[in-house]
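Please construct the entire structure, taking both the sequences and the accompanying hints into account.
Number of protein chains: 2
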Amino acid sequence: MRKSAADRFRHLFNRSLVTYHNQTIHHRINPIPFRSSSSMASNSSPFPVTAQNINPQVLKCQYAVRGEIVTLAQNLQKDLLANPDAHSFDEIIYCNIGNPQSLGQQPITFFREVLALCDYPALLDKSETQGLFSADSIERAWQIVDQIPGRATGAYSHSQGIQGLRETIAAGIGERDGFPANPNDIFLTDGASPAVHMMMQLLTRSENDGILCPIPQYPLYSASITLHGGHLVPYYLDEESGWGLEISELKKQLEDARSKGISVRALVVINPGNPTGQVLAEENQRDIVEFCKKEGLVLLADEVYQENIYAPEKKFHSFKKVSRSMGYGDDDITLVSFQSVSKGYHGECGKRGGYMEVTGFSPDVREQVYKVASVNLCANITGQILASLIMSPPKVGDESYESFMAERGGILSSLAKRAKALEDALNNLEGVTCNKAEGAMYLFPRIRLPEKAIKAAEAEKSAPDAFYCKRLLNATGIVVVPGSGFGQVPGTWHFRCTILPQEDRIPAIVTRLTEFHEKFMNEFRD
Amino acid sequence: MRKSAADRFRHLFNRSLVTYHNQTIHHRINPIPFRSSSSMASNSSPFPVTAQNINPQVLKCQYAVRGEIVTLAQNLQKDLLANPDAHSFDEIIYCNIGNPQSLGQQPITFFREVLALCDYPALLDKSETQGLFSADSIERAWQIVDQIPGRATGAYSHSQGIQGLRETIAAGIGERDGFPANPNDIFLTDGASPAVHMMMQLLTRSENDGILCPIPQYPLYSASITLHGGHLVPYYLDEESGWGLEISELKKQLEDARSKGISVRALVVINPGNPTGQVLAEENQRDIVEFCKKEGLVLLADEVYQENIYAPEKKFHSFKKVSRSMGYGDDDITLVSFQSVSKGYHGECGKRGGYMEVTGFSPDVREQVYKVASVNLCANITGQILASLIMSPPKVGDESYESFMAERGGILSSLAKRAKALEDALNNLEGVTCNKAEGAMYLFPRIRLPEKAIKAAEAEKSAPDAFYCKRLLNATGIVVVPGSGFGQVPGTWHFRCTILPQEDRIPAIVTRLTEFHEKFMNEFRD
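Which chain is which? The protein sequence lines are A and B, in order.
Under the numbering used here, the first residue of the first sequence carries the number 102, and numbering increases by one thereafter.
Under the numbering used here, the first residue of the second sequence carries the number 102, and numbering increases by one thereafter.
It is possible that some hints are incorrect.
[As the list claims (entries may be wrong)] The calculated DSSO-like cross-link candidates involving lysine-lysine, where the alpha carbons are at most 30 Å apart (straight line), are:
| hint | chain 1 | residue 1 | chain 2 | residue 2 |
| --- | --- | --- | --- | --- |
| 1 | B | Lys571 | B | Lys518 |
| 2 | B | Lys571 | A | Lys496 |
| 3 | A | Lys472 | B | Lys571 |
| 4 | B | Lys161 | A | Lys161 |
| 5 | B | Lys571 | A | Lys361 |
| 6 | A | Lys227 | B | Lys161 |
| 7 | B | Lys395 | B | Lys416 |
Read the hints as simulated data drawn from the structure, not as lab findings.
Below, the structure is given as structure tokens:
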């Protein structure tokens with residue numbers, strides 16, 4: 102049984118992932134206790150569904166951000182409640198996931214005012230509302246409910262999203278880029294994840310269809326490609342040059358994949374990078390656009406961190422803007438840009454809002470995208486409204502403008518400070534180097550683990566970076582994700598740590614991390 | 102090109118669907134105008150992605166509820182604005198989809214109060230709030246935000262949903278059934294559709310895996326099975342006996358599928374029925390449970406219309422209650438029950454809330470379900486909150502109780518009246534017979550079309566029922582969905598019409614429908 106389960110885990114993209122993840126999953130599939138069941142049709146288990154007879158793509162798929170380490174953390178959290186004295190820390194600090202509000206970030210007031218008014222439009226007719234809500238939130242809520250047919254904020258919308266909201270979003274994109282956007286190109290989705298799944302589903306016919314993905318990557322991509330039965334074609338970001346994206350590497354990997362009979366359909370670029378935090382230079386982006394055009398690849402641009410730029414010399418440029426500024430239109434480049442309400446300064450993860458802007462698809466393929474969207478009816482309206490708000494926040498002269506800018510600025514400048522403090526602390530650790538987080542919400546330090554630690558990890562059937570992260574968790578309550586969950590150059594080890602704990606917590610985290618690392622190195626130093 | 106596109110549309114489950122849908126889809130895929138593009142790698146189209154090189158399962162999938170007829174209706178709606186005098190009606194009436202609030206149904210006040218307070222929890226601290234909101238909505242909102250770690254209503258939750266809300270839902274299920282439910286069995290989802298997709302994805306390994314589905318069925322099931330590459334094994338509901346579900350038919354179809362090498366994994370039962378409106382008798386449900394247990398099938402129970410019962414002699418019994426009352430526990434029957442905030446008396450479609458209660462899976466498979474849920478992070482929090490509210494509405498003694506009961510009762514009794522009025526009107530039409538809507542939101546009349554009409558439809562390369570529905574739309578503005586989109590006994594023709602237009606609109610709809618039908622029959626009578 103163990104062997105047959107293991108047999109299913111083939112063709113993973115990164116040797117380090119294959120080697121260590123197999124063992125991890127393997128370990129987690131408990132053999133099912135045998136119970137006879139005469140009534141069951143050809144099955145020796147009491148359950149008709151077992152890990153041996155489900156979709157092998159589901160078994161194979163991995164999502165480390167909420168994987169084994171988080172399960173361990175949740176168990177530890179329970180234990181902490183039951184036996185507070187058994188641990189040297191009094192809480193679990195979740196640095197595994199970009200979930201700002203779970204770590205105390207406050208929502209943007211204007212956004213929440215508008216959402217509340219749209220949820221309960223009866224408030225709009227009451228005089229007391231004036232005292233409770235800003236004038237522009239009331240005005241905006243009126244605009245939005247008027248854009249919804251019958252003012253029905255509880256009805257399914259058009260499967261691409263409410264037309265008026267798509268117009269607002271398109272206008273926001275136009276303002277951002279200096280090039281117009283078409284509301285009919287916008288598909289509102291429950292966060293960016295379902296949009297990514299939709300594209301993978303559309304493009305993947307068989308395991309011979311490949312998607313070029315950065316390594317390290319955000320594991321939604323590897324998970325989605327696996328679930329849809331496709332092939333992840335890796336291209337490595339260059340850690341030495343601050344996680345640079347080299348066209349020569351893209352070419353090499355594309356040719357290599359093609360020589361193996363893989364039909365490469367698309368290139369995923371995450372900008373700003375997740376987990377790597379780099380912000381692409383415009384020149385680099387032009388080369389990427391040219392590459393996709395020449396090679397007939399769909400450019401899947403994950404731009405959900407577009408507001409999260411911390412390096413003063415860096416600026417976000419959307420791939421749409423870059424390609425249009427090169428004179429390329431719908432007929433020249435097929436481009437999908439993903440945006441989310443979960444990230445940015447707003448961090449409204451739980452609202453599950455987002456959109457994709459889909460350009461350069463033929464009308465018949467667009468119709469297929471629409472059809473798949475229609476099977477799921479529509480994205481949730483609260484998320485739709487929020488997606489329109491982040492692309493059209495308060496403007497100069499609006500009552501909320503100043504408080505909005507103060508909230509926004511406070512969050513972004515604090516994130517920049519936190520990123521720097523954690524980066525410096527990591528670079529002070531023995532054997533650790535950490536590139537700057539120019540953008541996004543993460544640091545992805547490299548840890549040079551002593552041979553003794555690697556052997557100890559092997560003895561525990563754990564990847565060395567997972568071994569380190571589990572030790573860190575047990576010693577400090579800090580949850581970070583092993584680099585093997587994102588992919589890395591074989592033989593190198595990393596972890597991803599968010600920059601999201603509130604500022605006043607950073608010094609304690611740095612102390613705990615530093616103390617742990619010293620002890621770890623003392624234990625395992627070769 | 103046309104031939105190769107058509108070649109992909111094989112193995113559809115119902116001959117009438119195969120014959121007519123092929124032509125419909127076929128018709129909609131426009132050949133792409135040839136443009137040379139020397140830079141493109143091995144592709145004669147300017148677009149790297151065409152209908153010829155996308156996932157054939159996407160191409161093949163159909164979802165009639167938002168299909169061709171709705172596209173026609175939307176175009177007609179635009180034309181109605183531009184040329185109001187060119188039509189004998191002044192609006193489009195969407196009876197194609199169960200979307201109550203789009204047709205004027207008002208949301209339940211208590212639910213919206215709670216949602217607004219949770220969206221903008223700062224309101225909870227203000228004195229003016231007392232004057233604007235009911236006391237129990239404020240109390241409930243406090244309870245809910247206190248159940249959310251850090252009161253962060255904008256954070257990703259646990260991937261199964263917020264623990265406290267799952268506890269509320271489990272308690273609601275326990276109260277409904279008289280048997281306890283476990284919060285750990287609840288997976289909150291963005292409406293019921295993603296939950297159905299998750300199960301199809303889990304159970305389908307290849308096209309040799311089959312799912313028993315009623316015919317007629319809600320086309321989410323056929324679409325999801327197609328998208329996941331599985332095989333729909335049909336069982337026919339008996340129209341003569343009010344869409345009865347016969348165990349002998351299940352057995353026959355199961356054996357037939359098995360004899361063809363299909364491994365049948367699950368049985369879908371929709372109760373109350375969609376599009377058919379029948380409510381299953383408890384005795385019948387026991388036989389279904391026994392059948393699934395004996396044959397080792399997962400019972401996928403679509404119970405989203407559990408509050409929509411109109412026949413006074415009928416009562417909803419959940420399959421969980423039925424199986425537990427037979428003495429069957431987790432080890433005896435694998436059962437998934439789907440529930441949604443979109444239906445019932447609340448009809449909160451746009452909020453995308455729902456859950457599945459997953460029982461009788463082995464722990465290792467449960468872990469896989471959790472993993473897939475975690476890749477999508479979590480369901481939207483607004484929908485999660487609403488799902489907890491519908492399973493725990495105001496109780497006797499709460500300030501909102503009486504107004505809540507009045508709103509709820511008003512909606513449900515009006516739906517019963519509308520169902521009856523439309524059913525009577527349909528039964529008065531020449532050649533039309535319509536079973537009672539005992540529950541759910543639809544009527545599914547059978548229309549006996551004259552041979553001349555069938556020939557005229559063939560000439561237009563349209564299914565005869567689609568031909569009728571398009572004629573109806575063009576003559577009256579009423580949008581209904583052809584029976585071929587749901588499946589039907591070959592050679593019979595139906596359409597699905599919701600009972601959702603507001604009561605005062607029903608007489609005009611009946612008049613328009615009756616006049617149209619008379620003219621249609623006069624034109625085509627053999």
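Consistency of the hints with the structure:
no.	hint	verdict
1	B:Lys571 to B:Lys518	holds (27 Å)
2	B:Lys571 to A:Lys496	violated (47 Å)
3	A:Lys472 to B:Lys571	holds (19 Å)
4	B:Lys161 to A:Lys161	holds (26 Å)
5	B:Lys571 to A:Lys361	violated (50 Å)
6	A:Lys227 to B:Lys161	violated (51 Å)
7	B:Lys395 to B:Lys416	holds (26 Å)
Checked against the numbered hints above, the structure violates hints 2, 5 and 6; every other hint is satisfied.
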